[in-house]
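Below, each chain spelled out in residue letters.
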Amino acid sequence: MYVVSNNIKILSLVLVVLGLLGIGYGFYSSPKTIEESKEMIASMGHDSHSHDSHSSHDEKSYNSNYDGDHGHVMSHDEHVFHQLANRPWAAVYVAAFFFFMISLGTLAFYAIQRAAQAGWSPLLFRVMEGITGYLLPGGIFVIVILVLSVMHLNHLFIWMDPEVVEHDKIIKAKSGYLDSTFFLIRAVFYLSGWVIYRYVSRRLSIAQDNSKDNKNHVKNFKLSAAFLVFFLVTESMMSWDWIMSIDPHWFSTLFGWYVFASMVVSAVTTIALISIYLKSNGYLPNINSNHLHDLAKFMFGFSVFWAYLWFSQFMLIWYSNIPEEVVYFISRMEDYPLTFWGMVVLNLIFPFLILISSNFKRSNWIIVMAGIIILIGHYVDVFNMIMPSAVGDQWFIGIPEIGSIMFFGGIFIYVVFSSLTKAPLEASGDPFNTESKKFVYPH
Amino acid sequence: MGSHYEAPIRKPLVTGNKSYHQITVDVARPIEGSANKQWWIVFGISLTLFMWGIGCIIYTVSTGIGTWGLNKTVGWAWDITNFVWWVGIGHAGTLISAVLLLFRQKWRMGINRSAEAMTIFSVIQAGLFPVIHMGRPWLAYWIVPIPNTFGSLWVNFNSPLLWDVFAISTYLTVSLVFWWTGLLPDFAMIRDRAVKPFQKKIYSLVSFGWSGRAKDWQRFEEVSLVLAGLATPLVLSVHTIVSFDFATSVIPGWHTTIFPPYFVAGAIFSGFAMVQTLLLVMRKVCNLEDYITLQHIELMNIVIMITGSIVGCAYITELFIAWYSGVEYEQYAFLNRATGPYWWAYWAMMTCNVFSPQFMWFKKLRTSITFSFVISIVVNIGMWFERFVIIVTSLHRDYLPSSWTMFSPTFVDIGIFLGTIGFFFVLFLLYSRTFPVIAQAEVKTILKSSGDNYKQTRDNHVK
Amino acid sequence: MLNKHVHAIYDDDDKLLSAVKHLRSSGVSIKDVFTPFPVHGLDHALDLKPTRIAIAAFIYGCIGLTTAILMINYIMIVDWPQNIGGKPSFSFMENLPAFVPVIFELTVFFAGHLMVITFYVRSSLWPFKKAENPIPETTDDKFLIQITSFKDQKKLMSIIKQTDYHNIDIIEHQAAVAESNKLVNESSQVSVGFVFHSRKYSNGSSNLRIQFTKGRGSQYAKNTGIRIFRKYWSSSKNSVSSKHPEHELINKKLENIKSKIVSGKEKFKNGVISFEQLHNYVLDN
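Protein chains in written order, with this note's numbering: chain U, 1 to 443; chain A, 1001 to 1463; chain W, 2001 to 2285.
These are computed hints drawn from the structure, not numbers from a lab.
All figures in this text were calculated on a predicted structure; none of them were measured in a lab.
Check the hints yourself; a few may be wrong.
Derived coverage of chain A by chain U (criterion: at least 3 residues anywhere in the stretch with Cβ under 8 Å from a Cβ of chain U; other residues may be distant) [unchecked claim]:
hint, segment
1, 1007–1013
2, 1249–1260
3, 1305–1313
Using C-beta positions, here's what the derived DEER-type ranges look like [stated by the list, open to error]:
hint, chain 1, residue 1, chain 2, residue 2, range
4, W, Phe2092, U, Gly176, 41 to 49 Å
5, A, Pro1401, W, Pro2088, 52 to 60 Å
6, W, Gly2204, A, Ile1041, 20 to 28 Å
Non-contacting residues of chain W with respect to chain U, defined by C-beta distances greater than 10 Å in every case (computed) [to be verified]:
hint, residue
7, His2022
8, Phe2058
9, Asn2167
10, Ser2274
Heads up, the beta-carbon is just placed ideally off N, CA and C, and yes, glycines get one too.
Can you make the complete structure from the sequences, with help from the hints?
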C-alpha cells in the first residue's frame, strides 16, 4: 500500500502557499478602475512584446470581441481595463482547467483500456485511478470559476454580460445556448456524469481484487463502454462551453476533438511520470521498462495525433481565409507568436524526435524530460486557447500565471497521491493481471 | 512457455484443435483445389459488370464528360462520391494491418491478409475516377511534377487535388509493398508444397526465394513494425487529404474543420463493413471458420459500432455548430440536406450510419452471422449516401440561388460505378483462389497462445 | 575433403529454442536456423545483432523530407511563383501550411520504399531468386538447425541427441545448392501425413486420406477408407476424438495404418520399396 511521503506533503504545501501568494498578487496588482488601468498602460510605456502596429492590433482584437458595426460603444480604455482585470482570472482559469483536463483525460484513457480489454496496462490501473481522484475537486474548482464569472466578477465570458449581448446580433442569436443558467446546469451535468463513472468504476475495480469470479470486471467493462459514449458527447460540449465560447463569434467543428487530444497526451504523460516516481521509490515492483515503453509510445503517438488535429484546424482556416474564422488565428499569430509557434515545437518537434527511438522510450530520465516538455507544451496550448480572447495583447507569463500553476499543481499532487493510498497499488484481481505481469515488448 | 501466455478470459482465436501443419493445409487448400460452381457464378456476374463498366468508360473517354449527369452547378457527383467511397473502404485494410499490429491485437492475424487485399483492390477502383473524370485522361501525366517544354509549367502544390495525387500514389504503393512483403513467407509455403511444375514456377517467382532464415525473420518483423508505424499516419493522412478536397473550400457544408478525423473515422467504418461482407462469405466458402471465428466477427462489429458512433457524433457536431455559428448559409445548407429535394438521401445516410450500428450494442446481434452481413451492406450503402449528400447537396444549392439546380445520374454514371464493383469482385475472387488468404505464418505464431487446444491445456494446468 | 552438413530438425518452436540454447552452450557453431514463422527469443538465443533497418528508414525519411522541401520550393517559389488565392507567393514559409501534405507524403514514400528495398537487398530476396531452405517442411511445421562446420561428428550427434529432436539429416554437401537439392530428393526424405479430402459428402463428412510427400517434387494422396466429420479429427494426435461413437474402432484401424507407415518409411529408406509403391504397402489390408 502506498503511503504519502513527507516530501510530497511538503512539496504540495509549499506549492499551494506560494501559488496563493502569486494569485493574490495577481489580483491585487490588477486594476480596479479604468483610471488605474490607464495609469498602468502609461507606466508600461507601450510595452515590450507588442508590435509597432500596436494600435491596429487593438482594432483587430477589439473587433474580434465586438462586431465592428454593431457598436457597443466601449472605449478603448474600458476594453483594455477589462483585459487587464481579466488577467488574474484567466491565469487561474487556465491553470485550473489544465490540471482538471489531465484528470479527465486519464479517466478517458482508463475507460478505453477497460473497454478494449488491454492486457499490458492493468498493472497501471491503480495509478490511473489515483489521478482521477482529482476529477471531483478539480471540476469543482473550474465550476466555481464559472459561477463567479456568471456573477460578473470578471469578463472572461463576454456573452455573460447582458450589455454586450444587447448590442451584438451574433451572440444574441445563440443566447439560447449561451445562457448563464443553462450553461451552469450543463457544467454540473457533465461533471456529475464523469464523477459517477469514476466512483462506480473504482468501486468495481477494488471489489474485483477480493472476488472469486469476474463479475465485477465484466460490469466494469460494460460500464466503461457506455461511459465512452457519454464522454464522447459531453467532452465536446464541455470544450465548446468552457473554452470555445470565450470567443463567442468564432467556431470550429473540430474543437472538441482537438481539446480531447491535448487532454489525453497530458494524461498519458502524467501516468508515466507518476509511475516512474513510484517505481523509483520502491513501489510498483511488477512495472518494468516494457510498460514504460508502451506509455512512451502513447506519448509519442498522441503527440503526433494532437499535432495532426492542430494542423487540420489551423490549415483549413488559414487556407480558406474566411474573415470571421481567420481572425482567431490572426490574434494568436500576431500577439502571441512565441507561445503559438513555441507550442508546436514543444508538442510536436521535441516529442517526435526524442521519443521516436525505441531505446529512448525505455529510459526513465528521457521519459521524464520529454514528459515535462509535453506538459509545459500543453499548458501553453490551453493558455493559447483562453488568453488571447480574455486578455488580448496584455499577456505575459508572470507571477499570476505561475502562481496559478503552482497552486493547482500543489493541490493536484496532494489529491492524487492521497488517492493512491486508498487502495492497493496493484489491481490483483484483474483477470488480465498475469498478462500485464508477463508483458514483454519487443519479444 | 512464458511468451505464449494469454489470459483465460480471452476467447480462442484459432479453433478446431489445429496443429502447425493443419494450418498449412487449411490455408493451402483453396489454392491447391479448384473453384466450385458458386465461385464461377459470382465471378461471371462480376466479370459482366466489369465489362459493362469498361464499355461505359470507353464511351466517356471517347465522347466526353457530357455523357455523365454533371452540370455547371453540380460539377462533381457520382465520380467523386465513388472515389471517396472506394478510398474510404480501402482504409480498413491498412488499419487492420498497421494499427492493429501496433496495438498488438492478435485477432488481426486471421483477417489482415484479405483486408489488405481489399485495400489494394479498392484503391485501384478509387484511382480510376480522378483519371476518367479529367476530360482529357490522355494528358493525365500532366499531374506529375516533371520538367516540360511549356516553360516549364508545373503542377500546383497549393491544390488539394494535387495533394491527393501524392497521397493516393503513396498509399497504393506502400500498401502494396506492405502486403507483398507479408506474403513472402506464405507464398514460400505454397511453393514448397507445390507439385505441378507451373504452380511451382509461379510461386517460386512471387516468393522471392524466401527461405525463413532467423536473420531474415528478424528483419521481416522489424520491417513490418516500421511499415506499420509509417502506414498508420499514412492512412490517417490519405483520407484527411481527401477531406481537404472539400474542407479547404469556402462552401457551406464543405468548409468545416472536423472533416479530417471525421472522414478517417467514416473510412474505417465503411472499410470494416466491407471486410465483414467479404470475410463472412469467404470463411464459409473456403472452410476457414476456424481462423475467422465468431470472435473475429464480433470484434469487427464492435469496431463498426465505435466508428459509426464517432461519425454520428460528428454529424451532430456539424448540425449544432451550424446553428451556433449563426452563419445563415451554413444553417441553410443543413436545413436543405434534411428537408430539401435530396432529403431521402440524407435520411438514408442517417438511418444506415447512425442508427443501424447501434444494434451492435446487443451481444446477440453482434454475434449473429446473418445480422452482421446485413449491417455490413447497410453501412456501405449509408456511407455512399454520406459522400453523395456532402458533395451534391452542398453544390446544388450554395451561395447563388439563381444557380440552384438538380442533378440526376445517367446510365453511364451508374454503369461505371457498377463496373468498379464488378472489377473489385473479379480481383478479389481471383485473389481468393491464388493467394494464401490467411497470413498463415502469423497465425502459427499465435497458435500456442490463442489456439483453443493450447488454451484449454494451459487453463486446466493452472487449475 | 567432403563437406558435411548436419541438419537437426524439430517439430516445435519451444523445443527448437531450448535446442539452440543447448547447442550453443555446448560450443556448437550454428550456421543458420530455418523456421516457418518468427520464433520469439530466437535472435537473442543465436546472438544475432539487432537490425538497423529502422534507423535506415528514419534516414530515408529525412531524405524524402529534404527532397520534398527543395522540390516544392523550387517549383512554387523560385521557378514559377503564382498568385494563388492571394497567398504570398515569394515566401516558402508563409505558404508552408499548404505544402505540408505533400511534404509528409513524400517523407513516408521515401522512408517506406527505400527501407523495403534495403530489406530485400540485405536478405537477398528478389523475383527468380532460388529458395535456400534445406527441406520444404520448414515453411510448413518443421524447424531446422543447420550446422556446417564441426570437427567431431560423433560428438555433435551426441549433443544433438540430448535435445528433443524430430529428425537428424546428414547431407554430403559437395558443390552448389542444386546439388544439395538432388541429394535431398534422393535422401530418405519422405513424409506421410493424414489429410482430408476437400470435397464434402452431402451429410458433411469427408474422406480421410494419407498424403505421401517426397522432397519437394513429388506428392500424392490415397483414401484410407475412413470417412468421418472433420470435427472429430485431432490433427495433433492423428486420431479420432472420443466424441465419435465409433472412435475405438476407427482408432484401432488407424494404429494399424500408423505402424505400417513407420515400417513403410523404413523400407523406403532402405530401398526395399519405391516411393510409388509406398501406399500399396501402407494400405494393403
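Cross-check of the supplied hints:
1. 1007–1013: Coverage by chain U holds here, the residue count being 4 at a Cβ distance below 8 Å.
2. 1249–1260: n = 8 at 8 Å, threshold three: holds.
3. 1305–1313: holds (count 3)
4. Phe2092/W with Gly176/U: 41 to 49 Å: holds, 46 Å
5. Pro1401/A with Pro2088/W: 52 to 60 Å: violated, 35 Å
6. Gly2204/W with Ile1041/A: 20 to 28 Å: Once the Cβ atoms are compared, 22 Å apart, the range 20 to 28 Å for isoleucine 1041/A and glycine 2204/W holds.
7. His2022: holds, 21 Å
8. Phe2058: For phenylalanine 2058/W, whose nearest Cβ neighbour in chain U is about 7 Å away, the distance does not exceed 10 Å, so it is violated.
9. Asn2167: holds, 27 Å
10. Ser2274: Given that every Cβ of chain U is farther than 10 Å from that of serine 2274/W, nearest at about 45 Å, it holds.
When held up to the earlier numbered hints, the structure conflicts with 5 and 8 and fits the remainder.
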